[in-house]
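Asker: Based on the provided sequences and hints, a complete structural model is requested.
Each protein sequence line maps, in turn, to chains A and B. If you use our numbering, the first sequence closes out at 511, no skipped numbers anywhere. If you use our numbering, the second sequence closes out at 337, no skipped numbers anywhere.
Hints listed in this document are in silico derivations from the structure and should not be mistaken for laboratory results. Even glycine gets a Cβ: it sits at the ideal position worked out from N, Cα and C. Among the hints, a few may not be true.
Each computed SDA-like pair below joins lysine to any residue, with the alpha-carbon atoms no more than 25 Å apart [said to hold, decoys possible]:
1) A:LYS431 x B:VAL225
2) A:LYS433 x A:GLY271
3) A:LYS134 x A:SER157
4) A:LYS403 x A:VAL35
5) B:LYS206 x A:VAL379
6) B:LYS231 x A:ALA337
7) B:LYS206 x A:HIS375
8) A:LYS504 x A:ILE494
9) A:LYS433 x B:LEU264
10) A:LYS380 x B:ARG203
11) B:LYS206 x A:GLY346
12) A:LYS265 x A:SER471
13) A:LYS380 x B:ALA198
14) A:LYS205 x A:LYS265
15) B:LYS206 x A:THR430
16) A:LYS403 x B:ALA332
17) A:LYS380 x B:GLY205
18) A:LYS16 x A:VAL85
19) A:LYS355 x A:LYS265
Take a look, some chain A residues computed to stay more than 12 Å from chain B by CB distance [what the hints assert, rightly or not]:
20) MET111
21) SER187
22) LEU204
23) GLY208
24) ARG247
25) ASP248
26) PRO362
27) ASP398
28) THR430
29) ALA450
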Amino acid sequence: MVSNTTLEAIERYKEKSLPYILEIEGIRKEFPGVVALDDVQFRLRPGSVHALMGENGAGKSTLMKIIAGIYTPDRGTIRLRGEEVVLASPLDALEQGIAMIHQELALMDWMTVAENIWIRREPKNALGLIDHRKMTEMTRELFAQLRLKIDPTAQISTLTVAQRQMVEIAKAVSHRSQVLIMDEPTSAITETEVDHLFEIIRDLKARGVAIVYITHKMNELFEIADEFSVFRDGKYVGTHASTEVTRDDIIRMMVGREITEMFPKEEAEIGEVILSVENLSLPGTFHGITFDLRRGEILGLAGLVGSGRSNVAEALFGVTPATEGKIRIAGRDVTIASPADAMREGMALLTEDRKATGCFLPLTILENMQIAALHEGHVKLGCVDERGMTNLCLEMKDKLRIKTPNLDERIENLSGGNQQKVLIARWLLTKPKILILDEPTRGIDVGAKAEIHRLISRLAQQGVAVIMISSELPEVLGMSDRIMVMHEGHMTGILDRAEATQVKIMELAAR
Amino acid sequence: MDNVQIEPVKRQRRGLPQELNILLVLVAVALVFEILGWIFQGQSFLMNTRRLTIMILQVSVVGIIAIGVTQVIITGGIDLSSGSVVAMTAMITMSVAQSGDYARAMYPALTDLPVIVPLAVGLGLGLIAGMINGALIALTGIPPFIATLGMMVTARGIAKWYTKGQPISFPTDGFAAIGSGAWPVFIFLAVALIFHIALRYTRYGKFTYAIGANPQAARVSGINVQRHLIKVYAIAGLLAGLAGIVTAARAETAQAGMGMMYELDAIAAAVIGGTSLSGGRGRIFGTVIGTLILGLMMSGFTFLRVDAFYQEIVKGVIIVAAVVADTFRQNARSKKA
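Answerer: Take a look at the structure:
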């Protein structure tokens with residue numbers, strides 16, 4: 001709950017009727033070796049949604065963390081409700097009326113919805129113990145206000161990602177927060193859930209709540225944001241109303257250069273069938289998956305989150321093998337029981353979750369990049385051929401334009417896009433014949449995205465067969481030769497490039 | 001406008017600064033005792049080769065164990081069984097290393113065997129104990145803490161049961177030679193060198209770090225995580241067995257109480273040397289220095305005639321301080337990222 005001094009500040013603010021609730025001026029933040037923000041400004045109007053745009057590493061997360069009280073700026077002023085403030089910690093920011101909805105949701109799994117919302121502020125009964133009935137009642141009222149249909153006594157672990165997000169928003173509302181920060185709130189929820197989320201955001205707006213909204217999805221910007229500010233390389237570029245610009249304008253502001261084509265699909269020669277999947281099933285997860293994949297072909301795999309797309313990829317690669325069905329590679333029946341088996345057959349899998357199943361965060365770029373290639377060769381007299389390996393990795397670094405001073409940097413110090421490039425390099429070093437990419441451009445900036453798209457096209461031209469899973473329809477449509485669509489564990493169709501449209505895919509995906 | 005400042009000079013070697021830090025700590029500890037020595041004892045602490053030799057001999061056994069434990073900790077695990085495995089291997093090894101001159105040998109038919117036999121028995125026992133640890137952890141998925149705790153109790157039990165608590169003595173001269181003179185130190189340093197190379201320059205090492213840094217990612221990268229974990233624990237067991245052989249040979253006797261708390265000293269040496277309990281980070285060089293720091297402190301306290309009880313109290317504080325320092329380093333880093 002906001003503190004009493006904050007309540008007084010809110011009163012004073014109401015009298016003043018200022019155009020901005022939050023004004024940030026001349027902010028600078030340095031990290032060892034990097035200036036993350038340099039003389040940045042940001043102004044937030046009450047009752048509006050303000051999007052922060054920029055490539056990864058542009059400084060928008062740093063700015064957001066400063067507003068949420070996670071970082072303290074080295075220089076600059078923060079004025080909240082017209083008064084200069086210091087946000088010493090997330091708790092301090094919360095008490096002053098600023099709440100953050102975390103990208104990695106910050107709820108306690110084994111506690112109930114109501115307990116999570118009212119933590120530290122639980123209603124007490126006459127004995128000083130927690131009054132659970134009252135707490136449930138308070139939660140019901142809160143949810144009624146927000147038109148949420150979630151059981152206050154349910155355990156958080158039983159909720160979907162979208163529901164958890166709603167709980168976090170409700171929690172922020174219960175704190176009477178005036179500023180709400182949302183970091184990529186739609187990255188892990190389905191289309192219908194997005195609609196519901198936007199309804200709630202519009203509702204909050206109508207009550208005068210100001211929302212700082214971070215997203216990589218351009219169409220969301222136009223749908224929900226009133227204004228947006230663009231950042232580039234730690235500097236403030238400008239603020240505009242979202243109605244007065246086009247998509248291309250924004251991209252130009254973000255990258256500082258023209259991007260002529262977002263999805264540079266280049267024609268590749270399609271060769272013989274290399275992978276042939278027949279009736280692949282994993283009961284309870286996916287059923288009857290059948291398709292052929294040819295050399296030089298890019299097969300898009302579309303479907304809603306939870307449709308089983310990633311499970312199919314993991315089954316092909318032996319992470320969680322399928323229990324029924326046949327996999328043939330170059331005409332030969334193969335058994336793939338582990339990733340090592342799949343790699344021996346010339347497969348590679350870029351996983352969906354960079355942090356959880358991709359990066360070795362405490363290790364260096366070199367160590368991250370070389371690990372998969374070490375299985376075959378690169379060993380002399382029992383020792384890893386360090387020099388040869390380093391040269392190969394340096395080549396990859398240049399080819400993929402990974403921005404880093406050297407390969408001895410820890411991978412955790414790289415931006416998301418550069419981490420992704422390191423992981424792609426890891427697999428390219430194994431010289432795969434079949435490359436499975438699960439959300440290869442999720443959460444990475446526009447510039448890096450285009451580079452990765454170009455790279456995928458070029459690999460296809462070299463005869464690599466590619467399976468690309470993506471939630472972004474324009475990406476799937478732009479890159480694929482054919483598109484396989486999944487719905488609730490079943491394949492609902494395979495579309496040719498010529499006949500595929502967003503509408504057709506959505507029809508198959510949503511049924 | 002470039003906001004990423006490129007370092008002009010490429011760093012010479014990875015992780016050198018951290019290793020320099022730990023070396024500085026070693027020097028600082030030595031200097032503190034030197035100064036205290038002149039103040040309280042009126043003599044030099046360091047200018048006494050005999051004292052330093054004894055010190056290094058004393059910590060060599062813990063050092064050998066610590067090299068195995070370091071590898072286990074790098075995978076994100078822990079090994080609590082090494083001290084007990086020392087006792088178990090010391091006992092059983094000694095029973096096949098006895099001299100025929102001794103009338104009451106445990107196995108009169110198995111006396112005066114060539115040194116290779118007790119050596120093979122000891123190393124084999126350690127290896128088996130380690131493989132059991134590894135198999136339990138990798139195949140059943142129980143926490144390393146529990147699996148090795150079980151081995152700690154069991155191996156100690158076997159050591160006691162083997163002779164119903166009686167010590168075993170009178171080894172052949174050949175066997176006793178393993179522990180004589182500076183041999184334990186040479187063995188320690190040789191083992192350190194081998195595993196320094198293994199961890200840093202071989203596939204085995206790269207996979208070990210990868211598993212500790214992120215086991216899921218390691219699996220997806222084609223590493224057979226289960227098999228590799230068994231290997232790492234087996235090596236830790238093998239080295240504990242080697243430590244058991246050295247201990248028995250040096251003392252020329254074996255008792256079920258040998259190696260008591262060595263596992264904790266070994267973990268302490270690794271942690272003081274910069275190995276992170278959260279896995280993925282650590283170096284043999286650091287562990288060697290960590291072992292020497294532990295040795296210097298014990299030797300220093302004895303030199304200053306500080307009571308043994310205080311020594312343990314201080315040791316406990318230092319271990320916790322080393323972990324706290326590591327946690328702070330990690331937090332600082334994750335805040336930056």
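Asker: Compare the structure with each hint and give your call.
Answerer: Against the structure, the hints:
1. Annotation: proposed proximity of LYS431 of chain A to VAL225 of chain B holds, straight-line Cα distance about 23 Å (limit 25 Å).
2. A hinted pair counts as satisfied when its Cα atoms are at most 25 Å apart, and LYS433 of chain A with GLY271 of chain A qualifies at roughly 12 Å.
3. Only pairs whose Cα atoms come within 25 Å are accepted, and LYS134 of chain A paired with SER157 of chain A is accepted, the gap being roughly 22 Å.
4. Only pairs whose Cα atoms come within 25 Å are accepted, and LYS403 of chain A paired with VAL35 of chain A is accepted, the gap being roughly 15 Å.
5. Taken as a hint, the LYS206 of chain B and VAL379 of chain A pair is honoured in the structure, with Cα atoms around 12 Å apart against an allowance of 25 Å.
6. Restraint check: the Cα-Cα separation between LYS231 of chain B and ALA337 of chain A comes to about 21 Å, which is no more than 25 Å; the hinted pair holds.
7. A C-alpha spacing of about 11 Å is found between LYS206 of chain B and HIS375 of chain A, which places the hinted pair at or below 25 Å, so the restraint holds.
8. The suggested pairing of LYS504 of chain A with ILE494 of chain A holds, with an alpha-carbon distance near 11 Å, which does not exceed 25 Å.
9. Between LYS433 of chain A and LEU264 of chain B the CA atoms are separated by roughly 49 Å; this puts the pair beyond 25 Å, and the hint is violated.
10. Between the alpha carbons of LYS380 of chain A and ARG203 of chain B the distance comes to roughly 11 Å, so the proposed pair stays at or under 25 Å and holds.
11. Only pairs whose Cα atoms come within 25 Å are accepted, and LYS206 of chain B paired with GLY346 of chain A is accepted, the gap being roughly 22 Å.
12. A distance of roughly 18 Å separates the Cα atoms of LYS265 of chain A and SER471 of chain A; the hinted pair therefore holds under the 25 Å criterion.
13. For the given pair, LYS380 of chain A sits about 13 Å from ALA198 of chain B by alpha-carbon distance, which is consistent with the 25 Å threshold.
14. Pair hint LYS205 of chain A plus LYS265 of chain A does not hold up; C-alpha atoms about 40 Å apart against a cutoff of 25 Å.
15. With a C-alpha separation of about 16 Å, the suggested pairing of LYS206 of chain B with THR430 of chain A holds against the 25 Å cut-off.
16. Note on LYS403 of chain A and ALA332 of chain B: the hinted pairing holds, with a Cα-Cα distance of about 23 Å set against a maximum of 25 Å.
17. Restraint check for LYS380 of chain A and GLY205 of chain B: satisfied, since their Cα atoms lie roughly 15 Å apart, inside the 25 Å limit.
18. Of the supplied pair hints, the one linking LYS16 of chain A and VAL85 of chain A holds, its CA atoms being roughly 17 Å apart against a limit of 25 Å.
19. Simply put, LYS355 of chain A and LYS265 of chain A have alpha-carbon atoms about 28 Å apart, too far for the 25 Å limit, and the pair is violated.
20. Chain B leaves MET111 of chain A outside its interface by the beta-carbon criterion, the shortest separation being 24 Å against a cut-off of 12 Å.
21. A cut-off of 12 Å between C-beta atoms confirms that SER187 of chain A is not in contact with chain B; the least separation is 19 Å.
22. Every Cβ of chain B is farther than 12 Å from the Cβ of LEU204 of chain A; the closest lies at roughly 30 Å, confirming the non-interface assignment.
23. No beta-carbon of chain B comes within 12 Å of the beta-carbon of GLY208 of chain A; the shortest separation is about 33 Å.
24. Annotated as non-interface, ARG247 of chain A keeps its C-beta farther than 12 Å from every C-beta of chain B; the closest such distance is 25 Å.
25. The claim that ASP248 of chain A lies off the interface holds: its Cβ sits roughly 23 Å from the closest Cβ of chain B, which is beyond the 12 Å cut-off.
26. Listed as outside the interface, PRO362 of chain A is inconsistent with that label: its C-beta sits roughly 4 Å from the nearest C-beta of chain B, within the 12 Å cut-off.
27. No beta-carbon of chain B is positioned within 12 Å of the beta-carbon of ASP398 of chain A; the least distance is around 15 Å.
28. Some Cβ of chain B comes within 12 Å of the Cβ of THR430 of chain A; the nearest lies about 8 Å off, and the non-interface call is violated.
29. Residue-level check passed: ALA450 of chain A sits 20 Å from the nearest beta carbon of chain B, beyond 12 Å.
Checked against the numbered hints given earlier, this structure breaks hints 9, 14, 19, 26 and 28; the rest are met.
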